[in-house]
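So for the sequence shown, this note's numbering puts the first residue at 1; every next one is plus one.
Keep in mind that the hints were calculated from the coordinates and are not lab data.
This structure is a prediction, so every number in the text was calculated from the model and none was measured.
Watch out, some of these pointers could steer you wrong.
Claimed, not checked - Mimicking DSSO-like on lysine-lysine, the simulated pairs with C-alpha atoms at most 27 Å apart in a straight line are:
hint	residue 1	residue 2
1	Lys38	Lys54
2	Lys81	Lys187
3	Lys54	Lys2
4	Lys51	Lys23
5	Lys79	Lys187
6	Lys73	Lys187
7	Lys51	Lys2
8	Lys54	Lys94
9	Lys2	Lys23
Said to hold, decoys possible - Derived Cβ-Cβ restraints for the label pairs, each shown as a range:
hint	residue 1	residue 2	range
10	Lys51	Ser179	42 to 48 Å
11	Lys2	Glu146	25 to 31 Å
12	Lys2	Ile140	19 to 25 Å
13	Glu162	Ser194	36 to 42 Å
14	Tyr64	Arg22	29 to 35 Å
15	Lys2	Pro163	31 to 37 Å
16	Glu182	Ala68	21 to 27 Å
17	Pro166	Glu101	28 to 34 Å
18	Glu65	Lys2	23 to 29 Å
19	Lys2	Ile161	28 to 34 Å
20	Gly141	Lys51	23 to 29 Å
21	Glu65	Thr37	17 to 23 Å
Backbone N, C-alpha and C define an ideal beta-carbon position, used for all residues, glycine too.
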Amino acid sequence: MKAVALLSSGIDSPVAIYLMLRKGFEVTPVHFRQSGTKESKVFELCEVLGKYGKLNEPVIVDAYEEQAPVFSKLAEIGKGKWTCLFCKWTMLRKACRIGHEIGAEAIVTGDSLGQVASQTLDNLMIISSASDLPILRPLIGMDKEEIVGIAREIGTFEVSIEPEEPCPFVPRYPVVRGSLGEFERIKERLMEESAL
1 MKAVALLSSG
11 IDSPVAIYLM
21 LRKGFEVTPV
31 HFRQSGTKES
41 KVFELCEVLG
51 KYGKLNEPVI
61 VDAYEEQAPV
71 FSKLAEIGKG
81 KWTCLFCKWT
91 MLRKACRIGH
101 EIGAEAIVTG
111 DSLGQVASQT
121 LDNLMIISSA
131 SDLPILRPLI
141 GMDKEEIVGI
151 AREIGTFEVS
161 IEPEEPCPFV
171 PRYPVVRGSL
181 GEFERIKERL
191 MEESAL
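Kindly generate the complete structure, drawing on both the sequences and the hints.
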């Protein structure tokens, strides 16, 4: 079984990948590069995770090329607070395209219910609309302590907590409970203006 997995330099997504490797999945990580620091942490994380199963070379996507135009258009039309949702949506859409190219049967994410703005149930439903592949969320019912416990155990925690730059795109007040209808309307507008 093949899967693509969104891999950030944080704590959660490496643990999600570890759990799917343990299940026998062959995983291709997809990382959206925002900085050299985060990217080198991702390569370190892949070295650790490679011990636990069939992990392919990460696919690196330039966030500034793939996502920044969408975010600046959102700001321009006064919808900047939707940035986090469109961030995850564009990540999943790209991961889905890569998945189809390599014959993957699923996408893996490090989402855990309600930990951040993009992980409320409403928002998870919205971002899931980006993919026609099943989205596996092995951490969905775990709390932060459980995830950190696994990260320490498998050796990814120390890498994940190394200092890094904050995300440059996070809006001051992100949408916490988005409405699918409004999301679709904004998406239509971005498509009309060739931002998506």
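Pair hint outcome, Lys54 versus Lys94 [Cα-Cα no greater than 27 Å]:
holds (22 Å)
Keeping to a limit of 27 Å between CA atoms, is the pair of Lys73 and Lys187 held or broken?
holds (11 Å)
Is 42 to 48 Å a correct range for the gap between the Cβ atoms of Lys51 and Ser179?
holds (43 Å)
CA of Lys79 to CA of Lys187, is that 27 Å or under?
holds (11 Å)
Quick check: does the Cβ-Cβ distance between Glu65 and Lys2 fall within 23 to 29 Å?
Hint holds: Cβ distance 26 Å, inside 23 to 29 Å.
Is the straight-line distance between the alpha-carbon of Lys51 and that of Lys2 27 Å or less?
The hint holds at about 17 Å.
Going straight from one Cα to the other, do Lys81 and Lys187 come out at no more than 27 Å?
Measuring from Cα to Cα gives roughly 14 Å; hence the hint holds.
Decide if the proposed pair is consistent with the structure: Lys38 and Lys54, CA atoms, cutoff 27 Å inclusive.
holds (22 Å)
At the C-beta level, are Glu182 and Ala68 separated by a distance inside 21 to 27 Å?
Given about 22 Å between the Cβ atoms, the range holds.
Does the hinted range 23 to 29 Å hold for Gly141 and Lys51 at CB?
holds (26 Å)
Looking only at beta-carbon atoms, does the pair Lys2, Ile140 fall within the given range of 19 to 25 Å?
Once the Cβ atoms are compared, 21 Å apart, the range 19 to 25 Å for Ile140 and Lys2 holds.
Indicate whether the distance between the beta carbons of Lys2 and Ile161 respects the range 28 to 34 Å.
Since the Cβ atoms of Lys2 and Ile161 sit about 30 Å apart, the hinted range of 28 to 34 Å holds.
Hint violations for this structure: none, all hints satisfied.
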